[in-house]
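There are 2 protein chains.
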Amino acid sequence: MKFEITILGCGSATPTLRRHATAQYVNARERYFLIDCAEGTQLQLRRYKAHVQRLHAIFISHLHGDHYLGLMGLLSTMHLLGRKKALKLCGPPGLIEILDVHWKMGKTTIGFPIDFHPLEKGKSELLYEDSQVFVRSFPLKHRIDCWGFRVEEQPLKRKVIKEAVDAHQVPVAWMKRIVDGEDYINPTGHTIPNNKLTRPPRPPKAYAFCSDTAYDERIIDHVKNVNLLYHEATFADAMQYRAKETFHSTAREAARIAKSAEVDQLVIGHYSARYRTTDLLVNEARQEFPATTGAEDGMTFTL
Amino acid sequence: MKFEITILGCGSATPTLRRHATAQYVNARERYFLIDCAEGTQLQLRRYKAHVQRLHAIFISHLHGDHYLGLMGLLSTMHLLGRKKALKLCGPPGLIEILDVHWKMGKTTIGFPIDFHPLEKGKSELLYEDSQVFVRSFPLKHRIDCWGFRVEEQPLKRKVIKEAVDAHQVPVAWMKRIVDGEDYINPTGHTIPNNKLTRPPRPPKAYAFCSDTAYDERIIDHVKNVNLLYHEATFADAMQYRAKETFHSTAREAARIAKSAEVDQLVIGHYSARYRTTDLLVNEARQEFPATTGAEDGMTFTL
Chain A
27 MKFEITILGC GSATPTLRRH ATAQYVNARE RYFLIDCAEG TQLQLRRYKA HVQRLHAIFI
87 SHLHGDHYLG LMGLLSTMHL LGRKKALKLC GPPGLIEILD VHWKMGKTTI GFPIDFHPLE
147 KGKSELLYED SQVFVRSFPL KHRIDCWGFR VEEQPLKRKV IKEAVDAHQV PVAWMKRIVD
207 GEDYINPTGH TIPNNKLTRP PRPPKAYAFC SDTAYDERII DHVKNVNLLY HEATFADAMQ
267 YRAKETFHST AREAARIAKS AEVDQLVIGH YSARYRTTDL LVNEARQEFP ATTGAEDGMT
327 FTL
Chain B
27 MKFEITILGC GSATPTLRRH ATAQYVNARE RYFLIDCAEG TQLQLRRYKA HVQRLHAIFI
87 SHLHGDHYLG LMGLLSTMHL LGRKKALKLC GPPGLIEILD VHWKMGKTTI GFPIDFHPLE
147 KGKSELLYED SQVFVRSFPL KHRIDCWGFR VEEQPLKRKV IKEAVDAHQV PVAWMKRIVD
207 GEDYINPTGH TIPNNKLTRP PRPPKAYAFC SDTAYDERII DHVKNVNLLY HEATFADAMQ
267 YRAKETFHST AREAARIAKS AEVDQLVIGH YSARYRTTDL LVNEARQEFP ATTGAEDGMT
327 FTL
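If you read the sequences in order, they're chains A and B. Heads up: take any position in the first sequence, counting from 1, add 26, and you land on this note's numbering. Heads up: take any position in the second sequence, counting from 1, add 26, and you land on this note's numbering.
Incorrect hints may appear among the rest.
No copy labels: a pair is met if it fits in one copy or bridges any two.
Below are the EDC-like pairs computed for lysine to aspartate or glutamate, each with C-alpha atoms no more than 16 Å apart in a straight line [said to hold, decoys possible]:
#1 K133 <-> D171
#2 K270 <-> E243
#3 K167 <-> E208
#4 K130 <-> D171
#5 K183 <-> D156
#6 K28 <-> E314
#7 K75 <-> E30
#8 K250 <-> D290
#9 K185 <-> E208
#10 K110 <-> D141
#11 K183 <-> E151
#12 K111 <-> D305
#13 K114 <-> E322
Because the hints were derived from the structure by calculation, they are not lab data.
Full structure from sequences and hints, please.
Shown next as structure tokens:
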């Protein structure tokens with residue numbers, strides 16, 4: 027099953043015709059998530075053929091407009107197109123107040139339940155969990171309260187070694203216990219250790235998203251060892267002072283987090299509109315962490 | 027000087043990749059207005075090279091999302107790009123409450139004055155006036171309070187007949203009074219009637235915008251004789267019942283308003299997403315009022 031992240035927008039505060047502001051669509055083992063929802067996200071979801079009505083949850087990192095202003099329109103469209111299925115929505119506590127004032131003024135009702143979870147300041151929380159995946163929040167360091175998200179597969183079952191299971195004539199009724207790691211005790215009372223019957227599964231895949239944040243080493247633990255890390259990189263080295271003032275990161279700082287967290291791959295984004303191409307940012311990041319890609323709208327990363 | 031209307035979005039509640047929701051950019055004698063501001067309007071303004079930072083006023087017809095959800099992002103972008111000049115904003119009273127909650131949650135300040143005028147329920151008001159143009163509101167009939175807008179040139183000065191002015195040796199100092207319609211009294215005390223010296227100007231041009239409304243003959247007076255009338259036409263004849271239920275109009279009803287108001291040209295829009303092309307809607311409207319055009323995103327109408 028797939029684990030894919032599609033970049034719906036990689037720009038920052040002022041969108042341009044080439045770069046929408048932040049939004050990402052995640053298909054993690056057929057669990058469909060939206061992370062951030064800038065203005066225009068509903069059209070970007072349509073453009074990249076996302077399963078809008080099947081979204082399981084939306085996660086909003088913080089209440090700057092370039093990360094959530096598309097949410098009102100998206101929820102309205104989901105309603106108008108007939109959604110009935112409940113939607114989990116996780117975001118800063120003030121988000122629900124914003125939605126309520128829009129609905130009140132427009133005398134609008136949304137025809138499906140929204141299960142709102144207010145993110146807890148400074149905390150890492152388990153936000154979503156089912157048999158396939160789970161999602162956790164973690165705090166970032168921005169001008170207002172802001173959170174990152176980590177989407178991760180559940181640990182996989184051990185892989186059966188077919189020849190060994192056949193050789194030991196393991197009954198079907200035992201198979202669930204075997205893939206769960208139990209040793210097999212045969213009818214003569216003899217124990218076959220599990221590692222003769224199964225192989226360890228591949229490690230679970232994980233994706234972490236760090237929207238707007240200053241360089242902050244406390245992030246490292248939360249994104250440790252992920253297959254793919256998205257980290258904002260608003261500025262190049264020359265604008266380091268500006269990154270500091272605005273609680274953003276440089277591309278090099280993003281790469282340092284990636285390196286310290288020993289991730290497989292880094293993707294940077296949230297570029298200031300002053301950078302017409304990403305070359306400078308990507309080059310500076312690669313000096314610290316070679317496996318860096320510069321996001322562009324519409325790119326899909328497969329883990 | 028120009029009087030132009032650019033359609034930034036002609037769709038209705040659910041935007042599609044071909045049709046944005048409602049927004050129009052008006053350049054009336056170098057007064058720049060935005061009428062409605064659906065999600066994505068800031069990019070549409072950019073796409074069609076509008077003078078965003080020079081906007082004099084924004085008029086919002088009502089508080090359904092497809093008419094205003096782009097406003098928060100647009101104001102933020104104007105601020106981030108350095109606007110200092112005051113902006114007039116006219117809309118339903120609740121609009122300012124919506125903006126305030128966004129700014130409060132994002133700890134955002136907008137660095138230019140916003141002169142907010144809350145539209146008065148059921149009233150027609152003068153919203154904007156200067157030496158070149160004026161703008162009036164008028165009430166429409168929708169599920170929630172909703173207004174249309176009429177943008178009109180100030181009456182023009184009379185046209186000087188150069189040969190007559192020369193023949194009568196009218197001094198320069200008299201010219202302002204002459205174009206204002208005064209008769210000329212020459213040094214010998216003889217009166218030259220103004221209509222020997224000037225010709226009447228062309229009539230002032232006017233544009234009227236009727237966003238969401240049921241068929242309502244009270245609109246006719248407010249849009250009387252305009253050069254161009256935009257009137258919503260959400261449905262075709264076959265969906266008349268649905269127009270009634272939702273307080274919208276059919277294309278034929280829009281055309282009846284145009285005919286009764288004796289306008290020069292009608293442009294219809296706000297099509298339901300069920301109409302992939304506008305042929306049916308335009309054809310039904312033309313049966314009542316032949317000078318009908320179906321709006322498409324990016325069309326410009328010159329008066």
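For each hint, the structure was consulted:
In the homo-oligomer, the alpha carbons of K133 and D171 lie at most 16 Å apart only across protomers (10 Å), although the nearest pairing inside one protomer, at 30 Å, exceeds that limit. In this homomeric assembly, K270 and E243 come within 16 Å of each other (Cα to Cα) only inside a single copy, at 15 Å, whereas the closest approach across copies is 60 Å. Taking the shortest Cα distances, K167 and E208 never come within 16 Å of each other, neither inside one copy (44 Å) nor across copies (71 Å). Proximity of K130 and D171 under a CA criterion of 16 Å is satisfied inter-copy only: 13 Å between copies versus 26 Å inside one chain copy.
For a Cα distance limit of 16 Å, the shortest separation of K183 from D156 inside one copy, 15 Å, qualifies, whereas the shortest one across copies, 74 Å, does not. Taking the closest pair of Cα atoms, K28 and E314 never come within 16 Å of each other, the shortest separation being 30 Å inside a single copy and 55 Å across copies. For a Cα distance limit of 16 Å, the shortest separation of K75 from E30 inside one copy, 13 Å, qualifies, whereas the shortest one across copies, 36 Å, does not. For a Cα distance limit of 16 Å, the shortest separation of K250 from D290 inside one copy, 10 Å, qualifies, whereas the shortest one across copies, 67 Å, does not.
For the homomeric pair K185 and E208, the shortest alpha-carbon distance inside one copy (13 Å) is at most 16 Å, but the shortest distance between copies (99 Å) is not. For the homomeric pair K110 and D141, the shortest alpha-carbon distance inside one copy (13 Å) is at most 16 Å, but the shortest distance between copies (41 Å) is not. In this assembly of identical chains, K183 and E151 lie within 16 Å of each other by CA distance neither inside one copy nor across copies; the values are 25 Å within and 70 Å between. For the homomeric pair K111 and D305, neither the shortest alpha-carbon distance inside one copy (43 Å) nor that between copies (36 Å) is at most 16 Å.
In this assembly of identical chains, the alpha carbons of K114 and E322 never lie at most 16 Å apart, being 27 Å within a copy and 36 Å across copies at closest.
Of the numbered hints listed earlier, those contradicted by the structure are 3, 6, 11, 12, 13.
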